[in-house]
Structure formats: structure tokens, C-alpha cells
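Peer 1: Chain by chain, the residues run as shown.
Protein chains: 2
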Amino acid sequence: MYYHDLREFIGELERRGKLLRWKRPVCKDTELMPLFRLQFRGLAEEERKAFLFERVRDVQGRSLTMQVLAGSYGASREIFALGMGCESPEEVYEKWHHAVNHPIEPVVISSGPVHEEIHLGQEIQEMGLSELPAPVEEPGFSGTIRTTTPFITRDPDTGVRNVGTYSGHFRAPDRMMAGIGTVHHAMIYHWRSARSRKEPLPVAITVGTTPNIVAVGSANIPYGTDELAVAGGIAGRAVELVRCKTVPLEVPATAEIVIEGELSTEWQEPYSAYGEYPGYMAAENKSNAVIKVTAITHRKDAIFTPILVGLPPSESNCISRTCREMILYNFLKYYCNLPVVQEVCCPEAGGGWNFWVIRIKKSHPSQPRQVLYAAAGQDSGGKVIIVVDDDINPKDPEMVNWALSFSMQPHRDVEILEGRVPRLDPSGAPPTLAGARERSFPPPNGTSVLLIDATRKWPYPPVALPKKEFMERALKIWQEEKLPALRLKSPWYGYTLGPWEKEEEENARLIVAGEYLKLGEKMAKRRTRLKT
Amino acid sequence: MYYHDLREFIGELERRGKLLRWKRPVCKDTELMPLFRLQFRGLAEEERKAFLFERVRDVQGRSLTMQVLAGSYGASREIFALGMGCESPEEVYEKWHHAVNHPIEPVVISSGPVHEEIHLGQEIQEMGLSELPAPVEEPGFSGTIRTTTPFITRDPDTGVRNVGTYSGHFRAPDRMMAGIGTVHHAMIYHWRSARSRKEPLPVAITVGTTPNIVAVGSANIPYGTDELAVAGGIAGRAVELVRCKTVPLEVPATAEIVIEGELSTEWQEPYSAYGEYPGYMAAENKSNAVIKVTAITHRKDAIFTPILVGLPPSESNCISRTCREMILYNFLKYYCNLPVVQEVCCPEAGGGWNFWVIRIKKSHPSQPRQVLYAAAGQDSGGKVIIVVDDDINPKDPEMVNWALSFSMQPHRDVEILEGRVPRLDPSGAPPTLAGARERSFPPPNGTSVLLIDATRKWPYPPVALPKKEFMERALKIWQEEKLPALRLKSPWYGYTLGPWEKEEEENARLIVAGEYLKLGEKMAKRRTRLKT
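Residue numbers (this note's numbering), protein chains in the order written: chain R, 828 to 1359; chain W, 828 to 1359.
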């Protein structure tokens, strides 16, 4: 059974050793995110945990009543997978496929814990957002505090709902600035519809939902598909919604916090610097719509959930890369009918967008190119796309570099395509080129994609490692001797990659039987005299 | 003071926690190399050790008197560096520069421990090589046992000495097959000279020397430079040599074992399968010269030193990559007068030959291309060459992929050059194309090189991490809370990459002081009305 609320999920994280409770008072402005960040620069991914800060203060010494939970949505792929109700990261791709194909419509119920406390009117103007312990993400560089969580909006013309993970930058107790890129569905459809009606766009910002809501808000789902129905598909039951107090929207009944408001279609304010997925501070000279906060509702002892954005690896990149993998895997395997696709890896180093490795079980030489072109077409991001053979772990950059080193020839296996979108990639055009269109086209500006077929083009000799039986025997001895614990990387024993001569097998048998002399006698008979 | 012999070096390894003694009897044919190999598939490089097998048996149950020391020359870059007399891997590049520019000629002394036991004539025919505990490297695939250690030869015409690390495959107590590529100096100069004189070529195969001899035997040193003088430069004193018993050559006086012999210029024998640096078994249908063993001399309780070859990472690739780095770093920095070059990394994934990352401190936009062309010209291997900025750790594949993702545009920053040599790279041509020349030229066969300028082309915003002072504060708290030990990766705090607006600094100060309301007031004044 899927988690009813974030708190049930916290319990599951704790049972699995994936939660660290902070009893020590921690300052949200100077200490909290740096502490959480240390994990990403100093621990292996499997060791990372969600951090629950139980006693949060601000830099002015005030104690905040809400707790802060960092990393519950994506401190690691393991934690993301748990959030999807999966036992391991490998399961999420098929789980996603199932959810998209078996959506469950949400249901509206009469009341829920998100309405345990309701702040309106005067309370919003006086305290409002200041009640929320939004931490400073990059102290010293960040020019903002914000939410980065699912926004729920509706197309005022059609009623189509959208759930998208965007930011809301705090500007006053009752005011935010919307951190939504102009290309996102909430802006290009809903906001523009509202604007043509000369109305503001109602918005509900959810904080501290179950992880399925964050997943559907972060993945690119075709416009018109109700993300909350896909979230229901993930959970295996309908998401329960309650009606908002001041806007005509519904929100998950068990969310920790909901900010209700109106996205202005008339007024905008400038951005101030914030961390972005490419790993640099975003400090572009642009503005975005103001949000007027009309209500804040929350559970008792509510938990605030920031998202760590910035230099990869980060939580936002972990969520984004896994969502990208789910989408791309499903696209290639099911929509393009390419069952040769075994795995898609969009490592965090590329923010999930700019570096993709696709593992295939090749059965025809044309497949790597087909996969490369299809992947390039699925999304206009993707700057480096590499196809590798089935025995290469695409998540292991050393093994991918091994494939690049010995299974690929640049002049034969590399192709460069132009006319892509740079998104937030700062390498696309100099910062002095301000316009989005100018930054994209024509070359030399904009982005291109490097397609690499790093699969083997013909049968290869066996991988130079001892055969399985000998490595297994060694492993047994290793354990008997109580030597340091091993984290075995694949491959850890040799295997063939095509026909292997009977002769070579016979030689190997002689050698492992200690019969080098017999091998030598055989070779002596094949001795040849050098031609003069 | 540099090590007088391998045993002194073993003592140093042990003092540094880099040696594991195996008291348990271990079978050299089925267990020894698989045990040593486990480290390379399951431990971080810093945790790898040299393994001293004190009780060696063979698969037929025989106890061998000699010990086997695996990994003393390159189980890790740390161990390689210790062998160079350096405290850390970072020091070896300048140490090499010094040694090449301050060679010390070797001296011949009258006797040395390598002659404590001398086997000649009948003893060679009966026992000979069978006394040596050469382990099976890839049990189940290997069709050979062998030495892979420095060969000493002399040009019979000019007397020029060469030291090169090659293999000697065991074929009989008194016979080996030479594993020397046709392009190596020992073959193209010495062996051909001997052949034109219709004489065999005297050879001395050294086993268990001090690591400086292995380093000079593994690095590409210009023909005519005496490798032993460079080895003296590394040690800071002359290498002491003794005269061989049956061939007109000199060998290091403290070597554990020396095999004296004659490389036939008349007869050759076929290869049988062995692991090679690209990570595949080499099983080409070719032959090489027979070696007649004329003497074996060794120390009492001699120690045999195999080299682990095969799937990267491996000891051979660790040695080879570090030698390649030393050569390429010196070439670029000193010979090409490119002081912008800070570091060269030829990761093991590419066997040291096929994947190079060069870190530069760019001061002019032309430098990345100059570095790329120079590197491509220094050696006709090198299949992927990437230049990165000074803040990117070239040894961290995730950070290199980060640079590829956000500092590079394929259409602008990638170039492909053809007409390279494939060496043992199996991707160059199908195995059915047997001739070395046919495998190289013309395209589509042969190798090409992918040159990538992954440096930033203009000023970037700061790296999205908290400023140093906040990360240091977090680290202090982390330690106070006794949380799991961190291995901090660079970078672990944010830094600027060009001008950063005063305005942004001011905003960051407001935010870290908890003054989001003041920031909001400022932004409210800059509010703009959307154009209709």
C-alpha cells in the first residue's frame, strides 16, 4: 500500500536507514542547506539520507515551529525509488510505464489534514510566508528564499489541470515571484489563457506532498494528461483532493502546506540569483509574474520540504535525471518500438538533460543510430548521447569511457546535429546575447548534439578477466580471510563476446592445469622460420 | 634516499599500510591473480595494496620456494608514486621532468645479490623457468604464463642500450616466446640489426627490480637515451649493474631474478591468448621470436613480480597511464612551452592511450586548440582528447562530464582528425583484416581522434554551492555531530567565474541576514507592467 502522507513515507525512510534526525538546533539561513549539501560532495550516493531538522532557527535567532525535511524526494536514486513505491532504482522505469498506462483519476473528499490550520486575510499580511522555514540554498550567493514544489493550475478556458514543479520566490508575507520558465505548460497555456481574459491565474503551491505528486510534477507529461491521475497510477489508488479555501482548485488532502494565490497577468518583478540545474547561479536580467498569496493552509506541526538545486549531484538533478530516464526509456522502448533498449541513464553530471547514455542489446547494426536519432528527437535538449552495448553499465562513467576508448571510432561512429535548444546551458551563447531566440539560433549560437555509437561493431575476444568460477573461488577466500568489504563493479569476471576458438579454449585448459610444457610442445611444432 | 632493492621498497609499502602479506597457501594457477584482481573490481583505488604471497603452490600441489609480489609497481597511483620516491601521485610529473633532465649514468660493480644463485646448462634444461612461480593471469581464458618486466638489450652495431617492458611467454624450461610488439625499439632497432648480422640478439629479462627500472621500461623514452640513466635520475644516484653470466649485458645488481637468453632472429612461434591493455584477451593469429634461455640467476628466497594486465583498471594500465601522463605533461608544458597546462590525466578506462583529459589555466581562447593539436601530435594514439578548465578535476569523470555538459558545444568545440594508429584497439578494423597496415589505413579502417575543447568560452556565473565560509561552518558541525566520514570532492564550495554584480552580492547579503522582506521591497520598486 502506497503512503497516505509524507509522514508515513518518513517512517519508511527511517525504517530503511535513510533518514537522519537532527535534534541540534540548526540555522535555516546559514547552516541547514550547507549541512545537507555536504552529503553530495562527500558521501557515496548509497550513503546519502534525507535530513529531518526538528529544531529550526533563523539567523535572527527566532525559533520556527515548522520542521524542515531535506532530501526526501531525491537525496539519492534509492530514496527516489522508495518514493515511487519501488524496492530499487531499477524498478521505477517499468513502474512509470504502468502508471502512465493505468492512470487513476483523483477524487475530491470533503476535508483533509492540510486544512488543520488555515491562515487568511490579516494573518497573511502580517505573518504569511514568514511562518515557513524556507532555507537559504547557497548562502553567500543566493539572492532568494523559495519553494520548489508542485504548482497546481487550471486552464481557465478548458479546465485542464496542470501539475508542474516550479519555484515561488518569497518577496513579502503575502507576495511571491513565480519561478516558472516561459516554455512550461502552466505559462504557455494556462497563464496566457488567463491573460487573454484579463484575469489573474489561480494557483495552489503544494509543499510536503507524497513523493508521487513531486514525480509527476517533475516529469514531462504530455499536455492534457492529468498528472494527478498518473500519480494515482503510481500509488495504485486515487489521490484524494480537497477544495482550496480561496481559489477554485483542489489540492492533495494530506499535503503538509498549501499556498493559495493568484498569478498576476499584469505585473512582474525581477529575479534575484538562485542555483540552477547546470550547477551555476542563475542571475539573468529578467522578470516574472508576481503571485498574490490569498491563503496558507497547513497541517499541525507542518514539515517544509526544500529542494537542493545547484552543482550536480543535487536533489533536483536526482529527481530530474530519474524523471528524464523514465520518460526516455518509455519513449524508446514502447513508443519507438525499440525493445533492444535495456536502460537509459541521464547522469546528474549533465543535470539529466545534457548527457545521456543508452544501453542496448544490439541485434542489428542500424539500431544504435536509430536509438540516437530517436533520443535526439524526443527532446531538443540532450547534448551528448552515447549508445553502449548490453554489458556496459551506463551509470558507471569509467565503463562508458572504456566503451568510448575501445568500441568507437570518431570518424565512423560520431555525428553532430545542430539546431537544438540550450535551455539554461550557459555554453550556448555569450551572456551578452540576451534574447532567448538569439541565444538559440543561428549557429554559432545555440546548442548542438554529439551522437556517439559506442557499441562494438564486430565480435570481440573475451573480456580480460578470470572466468567466473575462478573469481567466485577468490571471493570465497577473500571472505574467509575477512578482508575489507568489496563493492564489486560489473563486470567482475570475464566473458566471451563472440566466437572463441576451440584452440584457445584448449590452451586455457592446459595452462590452468599447470601444463605450460605441453602448450610449449604444441607451439614448438608450429614454429616457423622467418622469411629472409 | 631511494630504495637499494625491492625488499627495501616492500618495507616502505608495509610501513605505509600498502602491503598485505598472505600467509595462507595460495595456488598460483587458479587463485592468486583472481584474488589480486578482486581489489580492482571491488575497492576504491586508495584502498588497494600490493599482495605478498609468501606460500605459493601450483595447481599440481607443488610448493614453490619463491614468493610472489603482485601490485608493487602499480596497484594504485599512490603505490606507483612511492615507487618513484614521491609522497603523492601529483609529484611524479615534475620528478620525471627532473630525472629526464638530470640523468645519472649507471655504474658497473663486480658482484651483486642477483648472483646469489646461478643456474646454467643442465639445470636450465631440467628446471629452468619451472622454478619461477609465474601465475595464470586470467584463469579460464589465459593460454600462457609469462613475465611482464623490463627487457635489457643492446644494439649490436652501436652498443646503444634499451630497457623496455615486454613479456616473455614460458614454453619450456629453457625456452620463451617474446611478447614484444614489432614497433618497439628492441625490435625495430636491436633485433633488426642482429638479424642483418645473422646473429641472435642477447637479452636479459629482469624480474623484481626497484620500481624506477620498471618506470623507465614502461615510459616512451626517445631512442638513444639510456633508460638506466633516467632511472638513476629518479633515484638520485647511479643504478648499480653487474655483468651477466652468459650474455654481454649488464643488469641491476639487486634484481630478484634475471633470465639471460638469446632472442632468435631466425625462428618464431605462435602466440596463445593473453590479456591486453584494452581489456580484451589478445588472441591474434601471429607469431614472435623464440628466446633460448642461457642462464637464470636470482637472489636467495627470490620474489617473482607478475603484472596484472587486462580490463581497466589494472596494474599494467596504472603504470602505463602514469607513464603516459608524465610524458605528455612534460611534452606539453616544457617542449611545447605551454605553461597553461596544469595536469594531464590519461585514465585507466582508456588504457592510458585512448582517453586523455588535460586541465589548463586558460589565458587566451586559442590555447585549448593548441593543446589539443599538440597532444594529438605527440602520440598517434589518443582517441578522445578533452581540454578542461583549471577548476575541473580531470581524474573525476563526473566533473569531466559536467564540463562536457555545460561548457562545450559539439558543432563549435569538437573536431575529428583521421589517420591515427589503432595499436591494440579492436574497434579500428574487423578482426578479419589481418595486416597491421590494412587495419590502420585507409578509412573507414584505422583510428581517428575526437578533440574536444570543454573549457568555458566566456565568464560564467558562480558555481551553485554555498560560499566557503558556510561550507566550512557546516563541516565543523558535521564533525561535532560525529557523522560519517566525508571524502570531499572538489569543488565543495562555490566560487565566482568572472565578474559578479555588486547588486547580486548585496542581495545575497540581505538574504543570508534573513531580510527577504527588504529584498522584496527593493524588487517591488522595480516592478514592471507587462506590455499588452
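I should point out that these hints are in silico values taken from the structure, not numbers from a laboratory.
Wrong hints could be hidden among the right ones.
You can't tell identical chains apart in this list, so a pair holds if it fits in one copy or across any two.
[To be verified] Here are the simulated lysine to aspartate or glutamate pairs, DMTMM-like style, with alpha carbons at most 20 angstroms apart:
1) 1222 / 1308
2) 1160 / 839
3) 1316 / 1223
4) 1113 / 1348
5) 1329 / 839
6) 1316 / 874
7) 1316 / 873
8) 1284 / 1111
9) 1352 / 1128
10) 1316 / 872
11) 1349 / 921
12) 1222 / 872
13) 1119 / 1299
14) 1222 / 1342
15) 1316 / 1225
16) 1309 / 1218
17) 1294 / 1332
18) 1284 / 917
19) 1119 / 1026
20) 850 / 1242
21) 1189 / 841
22) 1294 / 885
Peer 1: Against each hint, give a clear statement of whether it holds in the structure.
Peer 2: Checked hints:
1. For the identical chains of this complex, residue 1222 and residue 1308 are neighbours neither inside a copy (31 angstroms) nor across copies (32 angstroms), given an alpha-carbon limit of 20 angstroms.
2. Taking the shortest Cα distances, residue 1160 and residue 839 never come within 20 angstroms of each other, neither inside one copy (32 angstroms) nor across copies (55 angstroms).
3. With identical chains, the CA atoms of residue 1316 and residue 1223 are at most 20 angstroms apart both within one copy (9 angstroms) and between copies (17 angstroms).
4. Proximity of residue 1113 and residue 1348 under a CA criterion of 20 angstroms is satisfied inter-copy only: 17 angstroms between copies versus 80 angstroms inside one chain copy.
5. Taking identical chains as interchangeable, the C-alpha atoms of residue 1329 and residue 839 are never at most 20 angstroms apart, the minima being 54 angstroms within one chain and 46 angstroms between chains.
6. For the homomeric pair residue 1316 and residue 874, the shortest alpha-carbon distances inside one copy (17 angstroms) and between copies (15 angstroms) are both at most 20 angstroms.
7. When the C-alpha separation of residue 1316 and residue 873 is checked against a cutoff of 20 angstroms, the pair qualifies both within a copy, at 14 angstroms, and between copies, at 16 angstroms.
8. Taking identical chains as interchangeable, the C-alpha atoms of residue 1284 and residue 1111 lie at most 20 angstroms apart only when they sit on different chains, with a minimum of 17 angstroms there against 45 angstroms within one chain.
9. For a Cα distance limit of 20 angstroms, the shortest separation of residue 1352 from residue 1128 qualifies neither inside one copy, at 85 angstroms, nor across copies, at 35 angstroms.
10. Taking the closest pair of Cα atoms, residue 1316 and residue 872 come within 20 angstroms of each other both inside a single copy (15 angstroms) and across two copies (13 angstroms).
11. In the homo-oligomer, the alpha carbons of residue 1349 and residue 921 never lie at most 20 angstroms apart, since the shortest distance is 54 angstroms inside one protomer and 48 angstroms across protomers.
12. In this assembly of identical chains, residue 1222 and residue 872 lie within 20 angstroms of each other by CA distance both inside one copy and across copies; the values are 12 angstroms within and 19 angstroms between.
13. For a Cα distance limit of 20 angstroms, the shortest separation of residue 1119 from residue 1299 qualifies neither inside one copy, at 64 angstroms, nor across copies, at 38 angstroms.
14. For the homomeric pair residue 1222 and residue 1342, neither the shortest alpha-carbon distance inside one copy (41 angstroms) nor that between copies (42 angstroms) is at most 20 angstroms.
15. In this assembly of identical chains, residue 1316 and residue 1225 lie within 20 angstroms of each other by CA distance both inside one copy and across copies; the values are 11 angstroms within and 17 angstroms between.
16. Taking the closest pair of Cα atoms, residue 1309 and residue 1218 never come within 20 angstroms of each other, the shortest separation being 30 angstroms inside a single copy and 40 angstroms across copies.
17. With identical chains, the CA atoms of residue 1294 and residue 1332 are at most 20 angstroms apart within one copy only, with a shortest distance of 12 angstroms there and 59 angstroms across copies.
18. For the identical chains of this complex, residue 1284 and residue 917 are neighbours neither inside a copy (28 angstroms) nor across copies (38 angstroms), given an alpha-carbon limit of 20 angstroms.
19. Within a single copy, residue 1119 and residue 1026 get their C-alpha atoms as close as 13 angstroms, which meets the 20 angstroms cut-off; across copies the closest is 95 angstroms, which misses it.
20. Proximity of residue 850 to residue 1242 under the C-alpha cut-off of 20 angstroms is found in neither arrangement, the shortest distances being 54 angstroms within a copy and 55 angstroms between copies.
21. Taking the closest pair of Cα atoms, residue 1189 and residue 841 never come within 20 angstroms of each other, the shortest separation being 41 angstroms inside a single copy and 48 angstroms across copies.
22. In this assembly of identical chains, the alpha carbons of residue 1294 and residue 885 lie at most 20 angstroms apart only when taken from different copies (18 angstroms versus 59 angstroms within one copy).
Violated hints, in rising order: 1, 2, 5, 9, 11, 13, 14, 16, 18, 20 and 21; the structure is consistent with all others.
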